[in-house]
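**Student:** So the sequence lines, in the order shown, correspond to chains R and A.
The numbering used here numbers the first residue of the first sequence as 35 and each following residue consecutively.
The numbering used here numbers the first residue of the second sequence as 375 and each following residue consecutively.
In short, the hints are calculated from the structure, not lab data.
C-beta atoms are modelled at their ideal positions from N, C-alpha and C, and glycine is treated no differently.
Treat the hints loosely; a few may be bogus.
Beyond 10 angstroms from chain R on every Cβ pair, some chain A residues (computed) [unchecked claim]:
| no. | residue |
| --- | --- |
| 1 | ASP413 |
| 2 | LEU558 |
| 3 | ALA679 |
| 4 | GLY699 |
| 5 | SER707 |
| 6 | ARG727 |
Just a few of them, taken from the derived set where beta-carbon distance is under 10 angstroms, the chain R residues facing chain A [said to hold, decoys possible]:
| no. | residue |
| --- | --- |
| 7 | ASP36 |
| 8 | LEU37 |
| 9 | VAL42 |
| 10 | LEU103 |
| 11 | THR138 |
| 12 | LEU229 |
| 13 | CYS299 |
| 14 | ARG301 |
| 15 | GLU350 |
| 16 | ASN390 |
Looking from chain A toward chain R, a few residues come up when the C-beta cut is under 7 angstroms (computed) [unchecked claim]:
| no. | residue |
| --- | --- |
| 17 | LYS377 |
| 18 | LEU386 |
| 19 | LEU416 |
| 20 | GLU434 |
| 21 | SER435 |
| 22 | ALA439 |
| 23 | ALA635 |
| 24 | HIS641 |
| 25 | VAL648 |
| 26 | ALA675 |
| 27 | ILE698 |
| 28 | LEU730 |
| 29 | ILE731 |
| 30 | ALA732 |
These are the residues of each chain, in order.
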Amino acid sequence: MDLDLSSVEPFRAEVRDWLRAHVPAAPLPSLETEEGFAAHRAWERELHGARLSVVSWPEPYGGRDASPLQWLVFEEEYYAAGAPGRVSQNGINLLAPTLFRHGTPEQLGRVLPPMASGEVIWAQAWSEPGAGSDLAALRATATPAPGGWLLNGQKTWSSRAAFADRGFGLFRSDPGAGRHHGLTYLMFPLDAEGLTRRPIGRLDGKPAFAELFFDDVFVPDADVIGAPGEGWKVAMSTAGNERGLTLRSPGRFTAAADRLVALWCERADPDDTALRDRVADAWIRARAYRLKGFETVSRTDDVGAETSVNKVFWSELDLALHETALDLLGPDGELEGEWLEGYVFSLAGPIYAGTNEIQRNVIAERVLGLPRTAR
Amino acid sequence: MVKFILDAEQRLFGETLHKLLAGTGTPEVIRAWAGGAPDRGLALWRSLADAGVFALAVPESAGGAGPLPVELVTAFHELGRHAVPGPLAETVAAAELLARLRGGPGAGETRDGDSGDGDSGDGDSGDGLAAAWLPRIAEGTAVVSLALPPAVPYALDADAADLVLAVDGDGLRVAAPGTARGSLDPSRRLFPVGAGPAEAHTAEAGEVLASGPAVRAAASAAFGLGALACAAQLVGLGRRLLEATVEYAGARRQFGQPIGAFQAVKHQLADVLVDLEYARPLVHGAALAYGSPDFARDVSAAKAAASEAAYAAARTALQVHGAIGYTDEYDLSLWIRKARALRSAWGSPAEHRARLIASLTGGRGSGGGP
């Protein structure tokens, strides 16, 4: 057992030097605004120019074939440098891993390079008004048409869809099949004919997600991922990625924990031991998440349902970090700023990517082996 | 390439101890120990020594195999998992203390990360004590208790110990245990340590054997190793509480179904797993930091998290078991009680959080990221 990171130090140094020279001095406007979205897209282009937008991908698609450990180190440096949030994250962290597992060479070659450069930004389209935690209740349909499919129905809570270029999600292609069967995984343009999008303001009013209405939206066969009817299995491999390390790397939280300790030094009443203990706990949990990341990349076995353990932990850690910061800020805690932006973002963590209630069911049944609950 | 998981040999070591302890049937040993009949516990102590447990904290040059902190936390995880009684963390902490006091200026014997050229004060007596006791600790013929007030104010199980040490400030002495006080954990008897006369071991009790900054530094190192060992015990203890409670929830039926099928039960157990899963890497990380400037900070992180995780496991175990878990006769209640006791032994969570914040904000500037 070791924690020897020396082999990745040259890579770390390169990333750190580049970020030091390129990270914008002032924070970009929120990526959940039109202006901020454009600024973040430009930043993705700049990252891509240094081949730093998708370090873990194979070289032909714009990556560096970075090992999981190098990726962890990249993320540590990225967030420690205070670099902008990743507007491309739905594509990079959710769609790309699905394509690497289920996509055709043609799809990889066509979809991945513009994703890596920020030229095409992706939105996810899972939930529907009647299908949230119970995703398999989804009703939007894909019906066969010459050369492809016609999409109909409604998707909602579609992150980034207000300003993104393309979307991906599940559609029911065989209404006669069981709940988890007869679903097809499709990609579609958000400006397609017949598609209407209505941005939804999140808690702070910023249009972070959207509703999508499909009225005979045509999608060619080339944009089906995996076999038609096999969409549930394909999507679950994406969900696994979302709950694993890739969506929320340890670097985000260790950087936030360091900023929290700095804020404590700057603002705190040293005799306020209740707040001091919360700062200590948040730092400890961020360290635990970082070390767990090293444990995960050291393993060769399948992490499987343990990704649910991860999801519960990071989402609650993110909240604890930001709630503690706002409490430290006292009357300034409600003021717009980076901590507040992070706080609003963290509030969604226990809800998206499978609510934490669903995750706890998964942990109880698939990791601990408790009896299944009827549902 | 980083390899932050136990290697095959370390895993085998843990499994070997697990089998040894499972075969022993620790609940009976614990109850006998609690009833003032320590023979079986002392026999188990020697079996653990034969398996190499105590030698992990004793330097090779003093008859041990250490220091091997990763193997040590592997062992203490199993000791906690089986709720083994006795001054276990105290003995390995004492070994650390004595090892650090060996040799005066220029004696050449150093531990990791220790320059060894500090002022060891009255080092000769520390030297003699170390030479006399370290080999015995390694071979399991010495049970040692240790008080390090204020964080460790009592000498645990001093009545069963062959040597009782106490460090006050920068003075090391053989302690004179007072009248035992009972603990929530029936297997723990806690002795106030006075400086009055008592039967001598290597020196008159109460007599200061060594003093100076070297003693203070050695006591600080000993506190670190004791707290680390205790943190590992807590994770093992919590793991056992979770396993036993999952088993019970799958078997116990109410309203026509196993109580483990109810979400209110499931979610509590899921939370216990989450906390334990993230306490373990903190313990391993702290073990790997042994000898580095971050050791004390990382131990505090590990001990605070392990205390909380194990205590939550105990509370959940009690709640899910219901009334049976609240009985003295039910074996799992030995684990439930030990979790509460070890939570505040070797530094309470509040103590370790305070130490952590002091370390993060005190002088070392940035660069000490999580």
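**Student:** For every hint, state whether the structure bears it out.
**Tutor:** To see whether the hints hold, each was checked on the structure:
1. ASP413: holds, 36 angstroms
2. LEU558: holds, 23 angstroms
3. ALA679: violated, 5 angstroms
4. GLY699: Holds: least Cβ distance 18 angstroms, greater than 10 angstroms.
5. SER707: Answer for SER707(A): holds, closest chain R Cβ roughly 21 angstroms.
6. ARG727: Violated: least Cβ distance 4 angstroms, not greater than 10 angstroms.
7. ASP36: Holds, about 6 angstroms.
8. LEU37: holds, 5 angstroms
9. VAL42: It holds, given that the least Cβ distance between VAL42(R) and chain A is near 8 angstroms, below 10 angstroms.
10. LEU103: holds, 6 angstroms
11. THR138: THR138(R) check fails; min Cβ-Cβ to chain A is 32 angstroms, beyond 10 angstroms.
12. LEU229: Status violated, d = 38 angstroms.
13. CYS299: holds, 5 angstroms
14. ARG301: Status violated, d = 12 angstroms.
15. GLU350: holds, 8 angstroms
16. ASN390: holds, 9 angstroms
17. LYS377: Holds. Min distance 5 angstroms.
18. LEU386: violated, 13 angstroms
19. LEU416: violated, 32 angstroms
20. GLU434: Where the cut-off is 7 angstroms and the nearest Cβ of chain R is about 20 angstroms from GLU434(A), the hint is violated.
21. SER435: At 24 angstroms from the nearest chain R Cβ, SER435(A) fails the 7 angstroms test, so the hint is violated.
22. ALA439: violated, 16 angstroms
23. ALA635: holds, 4 angstroms
24. HIS641: Hint holds; HIS641(A) Cβ to chain R Cβ min 4 angstroms, cut 7 angstroms.
25. VAL648: Holds, about 5 angstroms.
26. ALA675: holds, 4 angstroms
27. ILE698: With Cβ-Cβ at 19 angstroms, over 7 angstroms, it is violated.
28. LEU730: Result: holds, 5 angstroms to nearest chain R Cβ.
29. ILE731: With a minimum Cβ separation of about 5 angstroms from chain R (threshold 7 angstroms), the hint on ILE731(A) holds.
30. ALA732: Violated - the Cβ of ALA732(A) stays beyond 7 angstroms from chain R, reaching only about 10 angstroms at its closest.
Hints 3, 6, 11, 12, 14, 18, 19, 20, 21, 22, 27, 30 from the earlier list are contradicted by this structure; the remaining hints agree with it.
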